[in-house]
Amino acid sequence: MTAQPHQVGGPATAPLPAAGAQVAGRGANRRWPDLGPGTIVRFLALGVATVIFVFPFVWLLSASLKTRQTVLNSQLFPQPLQFENYVRVFEIAPVASWFTNSVLVGVLAAVTVTFSSALVAFAFAYFRFPRRNLLFGLVLATMMLPGAVVMIPSYLIWDTLGWTNTLVPLWAGNLFGSAFYIFLLRQFFLSLPRDLFEAARVDGASYPRMWWSVALPLTRSAMIVVFIFELKASWTDLLKPLIFIRDTALYTLPLGLQSLVSRFNPTSGGQGEFHYIMAASVIITVPMITIFFLAQRYFVEGIATTGSKG
Amino acid sequence: MTAPVAGTPSSRWRVGDETRWAFIFLLPWIIGFVVFTAGPMIASLALSFTNYNVFRPPEFVGLDNFERLANDRRIGLALGNTAFYAAFHVPGVIILSLALAMLLLRVGRAAGFFRTAFYLPAVTPAVAVGTLFLLLLSGNGLLNQISGTFGLAQPRWLTDPAWVKPGIVIMSLWSLGSTVVIYFAALRNVPLELYEAAKIDGASAWQAFRNITLPFISGAIFFTLIVNTIASIQIFTEVFTMFFSGTRSSGVQSSALFYVIYLFQKAFEDFQFGYASAMAWLLFVIILAITAVQMKLSKRFVFYAGDDR
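Taken in sequence, the protein lines are chains W and X.
At position 145 of the first sequence the residue is numbered 145 (the working numbering), and the sequence of numbers has no breaks.
At position 152 of the second sequence the residue is numbered 152 (the working numbering), and the sequence of numbers has no breaks.
Incorrect hints may appear among the rest.
Examples of chain X residues toward chain W, derived with CB under 8 Å [said to hold, decoys possible]:
1. T37
2. G39
3. R106
4. L120
5. P121
6. T131
7. T149
8. G151
9. A153
10. P155
11. Q265
Sample of chain X residues facing chain W (criterion: CB under 8 Å; computed from the structure) [as the list claims (entries may be wrong)]:
12. I31
13. L47
14. T50
15. N51
16. P57
17. V61
18. R115
19. P125
20. A126
21. Q234
22. A267
23. L283
By construction, these hints were calculated from the structure, which means they are not laboratory data.
On a predicted model such as this, the values are computed, not experimentally measured, just so you know.
From the three backbone atoms N, C-alpha and C, an ideal C-beta is built for every residue, glycine too.
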């Protein structure tokens, strides 16, 4: 495991772009492929696939602008465009609070897990201590553990502490690092040349200082990967809020949206106000897609790295 | 191995210093492991031998919960539904993602654009995927519009128990983007010279795929097999949103009752913490067993280039 997979080689200051750079000159990276019949078929197939993956978003957007009567019809361009759905949805439910809660929990969850995982990952990558491999094996083993196994005792712990029905359990567990991110960050720390740290030590740097001022700045891109992965995980999570939160005002967006489905579902006495549900669905989706477009490089490299090293 | 910095007078002490600092750095994980992993695992195992509903202290009941598990028909139902879903979802994701990734490999720079498009559903919050598919799978929804155009059947995906699970599988395949990204990255690491050599030797496209591509990406396939299997066994959010939010149709709910949904109901709707803990452990054992079998199979099928790991 100490041998460095070649995918993360390259300059230590930018381990992420290196993954793409090393395939330069291969077929996959040529500017444009030859225009043969095979290429046209490939583009056609990819075009169809793109429509399948993207068109549902258009459909969602369209439905969010319809009326209660027309929301389930097959019209792509609603007449008239009912933009007021987006105003009304904030009035019929505390969507603004849900949004704030989601942002707060997401940022806290992502910041805490990034730094705690980086601390632990650095210990596994740099320090030499007895039972290191055994402990790291334990970290990897916890990745396999289904969340359901620890769900009930975790609930009882937070309940005993009196923190159920607060936002605390939604992020505070992240103070203790997360196995997957520890694994990911350790790989990046291992790719830093050891001489760098020996030099810092000769200069009299303490271990915390080496971590903070040498290791962290050099693995900035990996830290960003962890941050946005966790931001996404937190923004998307339904199960934890479902277990811990009871007050409507404390809901996060996923729980809020789920509660709207309950409330408006015709079979449970709702009026089938799917236009509000769809407007709320757009509201929960747009921030994630925006972040994805801004940070696409990190998403893609993060996933590719995990996959190729799993 | 553990050579201290040369010339340090207190070099023996320094080794201890490093170990001490290592455990200071490890402290968050050690606390988290004890409090939120190992402790709860033991606790849930202990709870599984009790009757416990929060309001009264746990009462030891021996193996009663496990006996009940064996006789609970909804457990059988939930396991069957989950197996059905996993059996279609996992191979579906792997085959479709591989096909898409191989297409991406041959379109040069345009690959980036398509990859972005394929990945968009994967960043969509699962609850919103659920609501979106309430729309797409409805009577007049997009899916039936398309099948209508081709003169195919237009099933009632959301209300006909026979069509509920196929609809859920279709929904799950829409979010396969991250697997495509993994395969695409793996495919780009296959040395092109091998294909050229195979071409010279007169190998067919299938032979090249079978003997060059597959061995090289077998590690990635194995990884996605394990990860997607574990995830599919724990499917919850989308289905809970679609079929367990206010709906009271028992036929549809029987068809969409997946294991973790039933576990959630037992734990946090019925507050049967003892029984739910037994369910959780059954799930754990099932996942361990399946992963162990997959690991064993991988020894035969996975090829590591250079095998230098």
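To see whether the hints hold, each was checked on the structure:
1. T37: holds, 5 Å
2. G39: holds, 7 Å
3. R106: OK, holds: R106 of chain X within 8 Å of chain W, min 6 Å.
4. L120: holds, 6 Å
5. P121: holds, 6 Å
6. T131: Check passed: Cβ of T131 of chain X comes within 5 Å of chain W, closer than 8 Å.
7. T149: With Cβ-Cβ at 11 Å, over 8 Å, it is violated.
8. G151: Since the shortest Cβ distance to chain W is 17 Å, the answer is violated.
9. A153: Violated, about 17 Å.
10. P155: Given a least distance of 16 Å, the restraint on P155 of chain X is violated.
11. Q265: Given a least distance of 11 Å, the restraint on Q265 of chain X is violated.
12. I31: holds, 6 Å
13. L47: Holds, because the Cβ-Cβ distance from L47 of chain X to chain W comes to roughly 7 Å (cut-off 8 Å).
14. T50: It is violated, given that the least Cβ distance between T50 of chain X and chain W is near 11 Å, above 8 Å.
15. N51: violated, 13 Å
16. P57: violated, 12 Å
17. V61: violated, 16 Å
18. R115: holds, 7 Å
19. P125: Status holds, d = 4 Å.
20. A126: holds, 6 Å
21. Q234: This interface hint holds because 6 Å falls under the 8 Å limit.
22. A267: Nearest chain W Cβ about 6 Å off; hint holds.
23. L283: holds, 6 Å
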